[in-house]
Amino acid sequence: AASARTDVRDCSVHPPYLPPTATNTTARLAALRGNMQAHGVHAYIVPSTDAHMIEYIAERDSRLGWLTGFTGSAGTGVVTQDKAALWTDSRYWTQAERQLDCNWELQRTIWIESIGLWILEAVPVGGKISLDPFLFSIDTWNSYSQALHGSGRTLLPIETNLVDEVWGNQRPPPASSEIYSLPAAFTGSSWQEKVAGIRQQMDQHVRRPTAVLLSGLEETAWLFNLRGDDIPYNPVFYSYTLLTYTSI
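At position 204 of the sequence shown (counting the first as 1) the number is 204 in full-length UniProt numbering, and the numbers step up by one without a gap.
The set of hints was computed from the structure by calculation and includes no laboratory data. Being a predicted model, the structure only gives us computed values, none of them experimental. Glycine included, every Cβ here is placed at the ideal spot set by N, Cα and C. Any given hint might turn out to be false.
Listed next, with one range per pair, are the computed distances between beta-carbon atoms [to be verified]: (1) P157 x Y56: 24 to 30 Å; (2) V125 x D203: 50 to 56 Å; (3) G126 x I248: 45 to 51 Å; (4) Q37 x T109: 48 to 54 Å.
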């Protein structure tokens, strides 16, 4: 039976019912699928994270949001040549039904095992599953690799983001906000003291690391007592830090 609600999609009727909050993704999916075909990719995985693995991201990095219309802070999308699915947790199920159009299946889980099983059903043996390696942690990569292990499918990183390519000049420009220093009264320690403390921990650590790489935006902001406004409502700025015994 058709849904009596008017605030969520109803894909069981013809034509499908979409609320005003839903996004028409037909053209975006067609463009992405054309790009996938050009790269020899049978399935493409799109996370909600950015390259720094933070939950709240700038609009420029909201690739999943642009592709699907779904604006929740946690989710994963997978697109093949004839299917598209979104995985998210229970916080966002109703929101997803309001924002997705009927090009998308809603999968009410976030487990990578579930994503892997869906891919195995949707992609034939010999198929290539791809993603942007800058948007996934090593642990997440290993989980996908394990989920597809021995299946005859290949997990293939592509450093060019396929969503960015089809988003094109409609994608928001990079942030250009000013970075500023916190007054000493608010920091507790100078950045020089913090750097010296990290180097002391490096020297005392059982593995004796020769360098520390920081990718979390809050880590660099804390270390150097700096703040920015590259992401709305978050006082951080885009950065990486490589700290050794003698250089930064």
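Distance restraint hint 48 to 54 Å, applied to the beta-carbon atoms of Q37 and T109: Violated, at about 29 Å.
Cβ distance range 24 to 30 Å for P157 and Y56, holds or violated: Given about 25 Å between the Cβ atoms, the range holds.
50 to 56 Å as the expected CB spacing between D203 and V125, which holds or is violated: At 51 Å between Cβs, range holds.
G126 versus I248 beta-carbon gap, inside 45 to 51 Å or not: holds (47 Å)
In summary, the structure is inconsistent with hint 4 from the numbered list given earlier, while agreeing with all the others.
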